[in-house]
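Work the whole structure out from these sequences, hints included.
Each chain, letter by letter, is given below.
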Amino acid sequence: MSDETILRVRDLSVDFPLQKSVVHAVKQVSFDLKRGETLCVVGESGSGKSVTARAILQLVAKPGAITGGQILLDTAAGEVDIVRLGSRGLAIREVRGRRIAMIFQEPMTSLSPVHTIGHQIIETILLHEKVSKEEARKRAADLLGRVRIPEPEKALDRYSFEFSGGMRQRAMIAMALSCNPEILIADEPTTALDVTTQAEILSLIRELQRDRGMAVLFITHDMGVVAQIADRVMVMFRGEKVEEAGVFDLFERPQQAYTRALLGSVLKLETPAPRPPRPATEKPIAKIEKLELHFPLNAGFMGRPTNYLKAIDGVSLTINQGETVGVVGESGSGKTTLGRTLLRVYDPTGGQVMYWPSNGEPVDIATLGRKGMKSLYGEVRMVFQDPHSSLNPRMTIYQTISEPLRTNTDMTERQMMDRVSELLSRVGLPPDIGDRYPHAFSGGQRQRISIARAVAVRPRLIIADEPTSALDVSLRHQVLDLMRDLQNEYRLSYLFISHDISVIRYFCDRVAVMKNGKIVEVGDVVQICERPQHAYTQSLIGAVPRPDPRLRADAPQ
Amino acid sequence: MLIFILKRVAGMIPALFAISILAFTVIQLPPGDYVSTYAAQIAQTGEAVDSAVLANLRERYGLGENIAVQYFKWIGGIVRGDFGQSFEWNQPVTELVWGRMGMTALISFLTLITMWAVSLPIGIISAVRQYSIVDYLTTTFAFLATAVPEFLVAIVLLYISTMWFGVSVGGLFSPAFENAPLSLAKVWDFLQHAWIPILVIGLGSTAALTRIMRANLLDELHKPYVEAARAKGMPEGRLILTYPVRVALNPFISTIGWVLPALISGELIVSTVLNLPTAGPLLLQALKSQDMYLAGAFILLTGGLVLIGTLISDILLAISDPRIRLS
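Just so you know, the protein sequences line up as chains A and B, in that order. Using the working numbering, you'd call the opening residue of the first sequence number 2 and step up by one each time. Using the working numbering, you'd call the opening residue of the second sequence number -2 and step up by one each time.
No wet-lab data here; the hints were simulated from the structure. Computed from a prediction, not measured in an experiment: that's the story for all the values here. Even glycine gets a Cβ: it sits at the ideal position worked out from N, Cα and C. You may find that some hints are simply not true.
[Unchecked claim] Just a few of them, taken from the derived set where beta-carbon distance is under 8 Å, the chain B residues facing chain A: (1) Glu224; (2) Arg227; (3) Met231; (4) Leu323.
Set out below in structure tokens:
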């Protein structure tokens, strides 16, 4: 690593004028980027980290605009101020893609769906260099080979939708590297990927960076990723730079209160929350046995499909009273489908789900009629991942929370109003917000509203599908702690679905690991996280980036 | 790709069958038949009606028979290429229909091309320069054009050109060229006349297509792949044409499926107003006099034209979008 600075950002400010006010997205941020180093910019949503990255390429979306400062890029002809190049014209286009390249968060949508991978890479080469089409094609194939896409020559003529998420991100990286840029800006490049894929992409970026002596500006919200990849770290909060330090210094001796709080929330999730010991004799509340859900993949001969997608392929799992059972798995493992099948969003094609209601005999949810299900909706509720889309924007908070009361109980309006304000204060919100609409609340507050809606009818089992995934890390343990308090208070059982091992470890009693519709391993959460038996669980746990830079391979002892 | 086309063509057969039944039902709906209309006409002129002649006519065309028998007689003939005999014109329907249907197809096709050629660039401009003066102007114009009925535009145009400029714009040819053989001069004469029906018929749909293109493109303009392409250093104009416009084109192409029926039914009304030698006026006349075989042939062929248009749009869509072609 040399000490030569390639990019100097000085007092950068970016504003977004709104109807009546101005949002200062980036406020006088200054930092240096040296050749060959990785600078991680870390912060929660709204911290201005993505806007900073985009400003460097003059890609700030309208109506946002750079209102001050300098972005000085070191070139053969001295320093060039990117701010003064403007967002259009040849000068900035010569920087984009050639000197500074960028990869984005969403590999699913960052490549054009109607052009081949090869077309998009070759186009970049031809934009910046005077080479023949054949030569550009050959170079594109080399690049695809370099990012370890199998059969690169064939892959050139394929479309992005024929690739998996990880492959698309590799293709995106190949495209970014096609003109040998000196700086690579990576804006949350692994956030949309599974942990095992994330580990591969991170090591690929690291490797390519070393080979080429490239500077990398890596934007992320994930402290685990920072610990794995950063040389230096810059922490941002509400548009301002809070702290900048070497990665070891930052993790071991954080100077600023915000950094300490951020690290604190991350580390809090590293150790399981204290929980009461399980009773000696468990009483089950739900028992899933050999559950199957097969979707036909083709119409088949004489209306009988010959090929099935086995979304759930013989799953057996018991949830005991007052217990939290986690289901962990990568995308496509069937964990979300499992949760939905328990509420009969999908009708299972085999197996059974025995449920013990508060009064009466156990029933089989898998074959229960419409009327039976309706009575169950008062006992089994769901909390969803995205608090922005799971609340109806046209319903007030009162209407939202009282809706399950209206359909499942015969409370009077007066009683419901009392219950709703009681619930709101219980989940840590002011009790008088009932007549407001969801848009007035932040993500964390909305998820609290969702939880209030779920517990309104005093359910006994809650199926929580990634309830903390859309939240910033500082909010996660708060929401989880709230869910745990409610569990103790209402004697709740949870089926907790998540892709995030650290959240599972923090929150669950037992955990089931799912892959391709099957449970590969189930057991006590500590045992699964510390001593996984199955090879898949081992690779899954091993791929999770730990927020401790001393654990990485190249760490000085 | 070939399998894709074959599948689509095979899918058209039941649709065509359904259209034929529909066409036949429509023709049979009014009470009476051609012979009773004919008798009423004769009675109006005051002459005596010879019931023996009428019975003779009925028998000749099989009018007294079961509906199903009539249908199969009719469709059976069509399969063999015989559309039957027009009662009114006393000629084989085939001879009457082809020239007229050809003109309808030609006018519809030209209108479609014009519509695309006009609405595509305007749609792109008003999306890229959203809320600019150009955008507001085209929006206002588009709402007006969608709201005004086509035949009214036709009448107004007729009035203006006749009263103010003294030019007759009816028809598709000047009298001198009406029966002349095909020549460059005749094509030129045709184009001089054809722009009016093309303008009139295409106006509403052009406006609608402009709006559709604008909305589609606005959806695409802020997608991550556009930003990614911009980060590669592409010039803005080329970027917009290569990426978002290409994707926004798909819904645009598939509009042919609903634009074509609108065009053809619009054409039927407009050509009656403008007195064009297309299918419209003849179909109207045939329906009024219950000239069953003639009307049936028109409705069936019009339906067929729409099916072919949909097929073309499906094929174009498959060419343009690999997601359709490959999955």
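Results for each hint:
no. : hint   : verdict
1   : Glu224 : 6 Å, holds
2   : Arg227 : 6 Å, holds
3   : Met231 : 6 Å, holds
4   : Leu323 : 7 Å, holds
In summary, the structure agrees with every hint in the numbered list given earlier.
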